[in-house]
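Sequence lines, in order, name chains A and B.
For the first sequence, our numbering assigns the number 1 to the initial residue and increments by one for each residue that follows.
For the second sequence, our numbering assigns the number 1 to the initial residue and increments by one for each residue that follows.
Heads up, some of the hints might be wrong.
[To be verified] Footprint (simulated), chain B over chain A, 3 or more residues, beta carbon under 8 Å: (1) 70–84; (2) 171–177; (3) 191–203; (4) 206–215.
Keep in mind the hints are simulated off the structure, nothing from the lab.
Computed from a predicted structure; not experimentally measured.
Heads up, the beta-carbon is just placed ideally off N, CA and C, and yes, glycines get one too.
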Amino acid sequence: MDLTQSFSSLGADIIVSAPLVLTMVMGLVIVVLDAFRRNHVATPWIAALTLAFGLVMEITRIGAASGTAYYDLLRVGGMAAYVNALIFGSGLLTVILARPYLESIGHHIGEVYALILFASTGMIVLGTANSLITIFVGFETMSICLYILTGLVRTNQGATESALKYFLLGAFATGFLLYGIALMYGATGTMYLHEMQSAVGDHQTMFRSGVGLLLVGFLFKVSAVPFHMWTPDVYQGAPTPLVGYMSTASKSAAFASLILVLYLALPSTQWIGVVAVIALLTMVIGNVIALAQTNVKRMLAYSSIAHAGYILVGLAAGSPEGYSGALFYLLVYTVMNIGAFGVIALLEWDGTQGSEQSLDSLSGIGYKKPLLAWSMVFFMFGLAGFPPLGGFIGKVAVFGPAIHSGLTWLAIVGVLTSAVSAYYYLRVLVVFFMKESNPDVATDNITFSVPGMSAAVIVLCVIMLIVLGIVPTFLDVTASFFDGNMLATLP
Amino acid sequence: MNASTLIPVILLLPLAGALFCGLVGLFVPALRQREGLIGVVGTAMVIVPFLAVLYLFLNFDGGAIVVEFYTWMAAGDLSVAFAYRVDQLSLVMTLVVTGVGGLIHLYSIGYMHGDPGYWRFFAYLNLFIFAMLNLVLGDNLVVLFLGWEGVGLCSYLLIGFWYTDLKNSAAANKAFIMNRVGDFCFLLAMFLLFRELGSLDFDVLLVQGPSLDEGVLYLTVFLLFMGATGKSAQIPLFTWLPDAMAGPTPVSALIHAATMVTSGLYLLARFSPLVLAAEGIMAFIAIIGALTAIMAATIAITQNDIKKVLAYSTVSQLGFMFLATGVGAFFVAIFHVVMHAFFKGCLFLGSGSVIHAMHDVEHQLSQKLEPEGHTGKFDPQDMRTMGGLKKFMPSTRITFLIATLAIAGIPLLSGFFSKDEILFRAFESASTNDYGMLVWIVGMVTAFLTAVYMIRAYVLTFEGEPRWPKADTIQPHESPWTMTLPLWVLAILSIVGGYIGLPGVFAHGDWNLIHHYLGESFGGPLAEVHGEAHVALSTEWILLALGAAIAIAGVALGWYWYSKHGPAFDDRLRSRFGRLYRAAEGKYFVDEAYEKVIVKPLIVGAEKGLAPFDTYVVDGLVNAVAFITRGLSFVLKYIQTGVVQIYAMAIVIGVILVLAMMMFG
Numbered sequence: 001m002d003l004t005q006s007f008s009s010l011g012a013d014i015i016v017s018a019p020l021v022l023t024m025v026m027g028l029v030i031v032v033l034d035a036f037r038r039n040h041v042a043t044p045w046i047a048a049l050t051l052a053f054g055l056v057m058e059i060t061r062i063g064a065a066s067g068t069a070y071y072d073l074l075r076v077g078g079m080a081a082y083v084n085a086l087i088f089g090s091g092l093l094t095v096i097l098a099r100p101y102l103e104s105i106g107h108h109i110g111e112v113y114a115l116i117l118f119a120s121t122g123m124i125v126l127g128t129a130n131s132l133i134t135i136f137v138g139f140e141t142m143s144i145c146l147y148i149l150t151g152l153v154r155t156n157q158g159a160t161e162s163a164l165k166y167f168l169l170g171a172f173a174t175g176f177l178l179y180g181i182a183l184m185y186g187a188t189g190t191m192y193l194h195e196m197q198s199a200v201g202d203h204q205t206m207f208r209s210g211v212g213l214l215l216v217g218f219l220f221k222v223s224a225v226p227f228h229m230w231t232p233d234v235y236q237g238a239p240t241p242l243v244g245y246m247s248t249a250s251k252s253a254a255f256a257s258l259i260l261v262l263y264l265a266l267p268s269t270q271w272i273g274v275v276a277v278i279a280l281l282t283m284v285i286g287n288v289i290a291l292a293q294t295n296v297k298r299m300l301a302y303s304s305i306a307h308a309g310y311i312l313v314g315l316a317a318g319s320p321e322g323y324s325g326a327l328f329y330l331l332v333y334t335v336m337n338i339g340a341f342g343v344i345a346l347l348e349w350d351g352t353q354g355s356e357q358s359l360d361s362l363s364g365i366g367y368k369k370p371l372l373a374w375s376m377v378f379f380m381f382g383l384a385g386f387p388p389l390g391g392f393i394g395k396v397a398v399f400g401p402a403i404h405s406g407l408t409w410l411a412i413v414g415v416l417t418s419a420v421s422a423y424y425y426l427r428v429l430v431v432f433f434m435k436e437s438n439p440d441v442a443t444d445n446i447t448f449s450v451p452g453m454s455a456a457v458i459v460l461c462v463i464m465l466i467v468l469g470i471v472p473t474f475l476d477v478t479a480s481f482f483d484g485n486m487l488a489t490l491p
Numbered sequence: 001m002n003a004s005t006l007i008p009v010i011l012l013l014p015l016a017g018a019l020f021c022g023l024v025g026l027f028v029p030a031l032r033q034r035e036g037l038i039g040v041v042g043t044a045m046v047i048v049p050f051l052a053v054l055y056l057f058l059n060f061d062g063g064a065i066v067v068e069f070y071t072w073m074a075a076g077d078l079s080v081a082f083a084y085r086v087d088q089l090s091l092v093m094t095l096v097v098t099g100v101g102g103l104i105h106l107y108s109i110g111y112m113h114g115d116p117g118y119w120r121f122f123a124y125l126n127l128f129i130f131a132m133l134n135l136v137l138g139d140n141l142v143v144l145f146l147g148w149e150g151v152g153l154c155s156y157l158l159i160g161f162w163y164t165d166l167k168n169s170a171a172a173n174k175a176f177i178m179n180r181v182g183d184f185c186f187l188l189a190m191f192l193l194f195r196e197l198g199s200l201d202f203d204v205l206l207v208q209g210p211s212l213d214e215g216v217l218y219l220t221v222f223l224l225f226m227g228a229t230g231k232s233a234q235i236p237l238f239t240w241l242p243d244a245m246a247g248p249t250p251v252s253a254l255i256h257a258a259t260m261v262t263s264g265l266y267l268l269a270r271f272s273p274l275v276l277a278a279e280g281i282m283a284f285i286a287i288i289g290a291l292t293a294i295m296a297a298t299i300a301i302t303q304n305d306i307k308k309v310l311a312y313s314t315v316s317q318l319g320f321m322f323l324a325t326g327v328g329a330f331f332v333a334i335f336h337v338v339m340h341a342f343f344k345g346c347l348f349l350g351s352g353s354v355i356h357a358m359h360d361v362e363h364q365l366s367q368k369l370e371p372e373g374h375t376g377k378f379d380p381q382d383m384r385t386m387g388g389l390k391k392f393m394p395s396t397r398i399t400f401l402i403a404t405l406a407i408a409g410i411p412l413l414s415g416f417f418s419k420d421e422i423l424f425r426a427f428e429s430a431s432t433n434d435y436g437m438l439v440w441i442v443g444m445v446t447a448f449l450t451a452v453y454m455i456r457a458y459v460l461t462f463e464g465e466p467r468w469p470k471a472d473t474i475q476p477h478e479s480p481w482t483m484t485l486p487l488w489v490l491a492i493l494s495i496v497g498g499y500i501g502l503p504g505v506f507a508h509g510d511w512n513l514i515h516h517y518l519g520e521s522f523g524g525p526l527a528e529v530h531g532e533a534h535v536a537l538s539t540e541w542i543l544l545a546l547g548a549a550i551a552i553a554g555v556a557l558g559w560y561w562y563s564k565h566g567p568a569f570d571d572r573l574r575s576r577f578g579r580l581y582r583a584a585e586g587k588y589f590v591d592e593a594y595e596k597v598i599v600k601p602l603i604v605g606a607e608k609g610l611a612p613f614d615t616y617v618v619d620g621l622v623n624a625v626a627f628i629t630r631g632l633s634f635v636l637k638y639i640q641t642g643v644v645q646i647y648a649m650a651i652v653i654g655v656i657l658v659l660a661m662m663m664f665g
């Protein structure tokens, strides 16, 4: 390699990846700031503005042609911009929701925002990776930040325990991921995804086991069954608004990367079977176990497992239509889940960060906090997939392609499990509106008020959910990433 | 400005008004009492679209404009867009909806004054206008159906507006449920058309529809007509409309006289090429229309509630319009729709003004009688307690009289031209079909009855001596200008409106503007009978004179009878006609028959047959599934032990599964 030319394109690369670079730099700024001025009032604002800047930048680039930066290590524009916008968007909403929450549980510390920015950096690197190296770097940057965020409340035994579990199992899964990368490199001699298929040659078995192991790493991250078991514990232990972030942004990044790996590395016929089986298991197990949950956050954890299953159905279709459906689903899912966790976070008035909060303790809350409860109506109906909300269109967008690819049985299971899910989603609403308030927890005495910014975020999520349901053009946007030129524009 | 910028304005302003009134009322209780704000916003949101429509109308160059916003739904071969169609027919209907609608909004400002549900009323009314505009402007059956169901919903909400009275809620339910029967037929027609032609856009349906298989075409038109009978209150689905008078009077004027109930006519007119191709169904339509007209007219003579009289009159006039449709005179049906909107709107609003005044009388009376321990309650809608109101309510009286003469068909007023044209077309068609003469005779008789019952209503209300209790000391008042202004506008339109459709005896029909505007032979959207039979000019004159004579005779006789005898003349009629009168008074016992033949067996069947099936078989299956799933859930829950080694074990199993499938699958 001619090193004199190494930095010639650096300036251009930094410009096209400005949101990523800025996020990383601002994360460092917050660390430094926090070292001198503990918990400065500007810290959340710096994080929010950085994420907002990134969001706006990436939204404007969604329509642009896709390209690469840093010697083809990262992709920019097009699908990459869409994924980044998802990550920035959920980060931004989370920062707004998290501040009052963290204050109320007495853990409003500056690192949180630095960690969110670093995690976002990692997610972007993962979501836009074009090489196995960047996949790994992004994957680990994201994961480590999430481990710390899970155990943020160090004094809480449950939180520490779940963080440790998450870390141990995450390290275990990373081992498989790394081993998979090694095997893939061994079989092809390249780290670039788009070069692999042509470079495999005689090493088919080695390459395919490599892809399998890589898949394990991703499936762990998106909490697909049977790699899901950390999820309920972690979601229950971690601070609630941050769970909304973990469950959406990290899934967006991991799924985006997985789509690209599967799309570029192997012909779809070779992996459809395994993804379909995993999707089936994930939908069935996630939805069925969710039925028996009495803790709100655990219930939502199983729900997010189930939703990973629905997205996997779109992937299992193995067609551009399915991938674009999955990407669309990620957007809808982000909106619904951030909203749902946001509402639950606001309803935790007892200061135990909700890890022990049973659904019954929220009886009759619908009449005391109508805005939150009615927003929850939309999120629950959206998650259950009722028309005309976005959740319905999302399910159509992933089940339809599966049927077109001959996986009708999978789509049938998906629809049946969705029907099952209505039971536990609607039970939330039954408790909210149709049960007398519980005298033991004395909800009559609650006097907490909903911060204006948080309420605005919740309402925004509701509006987005409705818009996604009745304006179908968003699907065309995700579909446009796959109309053939994505491969062509890659070098 | 062109149609694609104006159509969103026309459509969305009423929706914005509905949202404004509804949300403000719902969330800001303090603003609920701001009647000025709510009333003005609600009214402006209809008047502005009216001006926009007027602009479109004046700049319309004759070619249909289709404005498509975006694809609403696409699945397989079905693609439905939010597309709207501006052509002669939709322009006429839109003008009526927004014009008469705007006047009735203005009227409601005064009429609903002091009602705690003021905001709700305007929210519903604006929503209704939005739905109605979707109905008449939609360019495919789905958008039309959206409006169709929307107006049904608003009708339901407004009939049951005073929902604390169970009677009103029951009337609302009745209207909604009977409309479902019609809607079901409409849906079937839609499915049928989609199956046969693969599209629901008017462009496709109207061009390819007439060449469908005869059987399919007949069935489609029949189903469309059955849909229309629900919304437009024809036999067999008419009984909901009189009950719908439970709603506030402006609602009766707007929804149950001027606009919504004519949507069935609009539907048939829109599909006129298909209807015209289905000759057998046309005969059916004409006969149903004629039967409805005469049946409702005879009932109207026996009613004492002023709004009930007008309600049956509406059913009867709608029958006239279907009669016109049945003899292939679609543009005349639309002509009568427009004229009917004017005079019946005026009549309903006039009756509202009267009821408003009588409520005031009731109020004064109860204040007077309270010390004596009486409540002083009487029915403010009963014409037997009215009389002599002309002294107290001059504007209401004159406008009511004008509209009465117009609907009666007194020459040179609007109703004369439209009704005469209907009867003439029926007579004319008799030379090419077997039913024309029959429906013509029925129509003539009905025209006479119309004159009688309308003049009866006028005389009993306004002429003679006051008949309410303590009439010597209690005086009703004229309504405020917001209520009388719409009356005057509609009354003037009832006088001059008819000149847009002068009969063929003048200049060989060249002065029939509405025919030239709407008719197919002049580039309009409404199909017409080809090679129509020619009627001699002298015959036309004779028919015209006959129509005028019948109307004048009806008015003169009615005036004589009822001003001489007052309400007592009804007893004479009763003794004269005996059974016939009692049958009409009992509304031909249709409600009772439905109760016996349909409702009772349904309820009994449901209780005895379906309920046990539901409890034991359906619920049993559902419960079994739920039981098994929950059981599974509880078992699976125990795998989640919280022990991290087990989690790692699960991962290992997963790795084996994935690798095995990747390498050997």
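A quick look at each hint next to the structure:
| no. | hint | in the structure |
| --- | --- | --- |
| 1 | 70–84 | violated (count 0) |
| 2 | 171–177 | holds (count 3) |
| 3 | 191–203 | violated (count 0) |
| 4 | 206–215 | holds (count 6) |
Violated hints for the displayed structure, listed by number in ascending order: 1 and 3.
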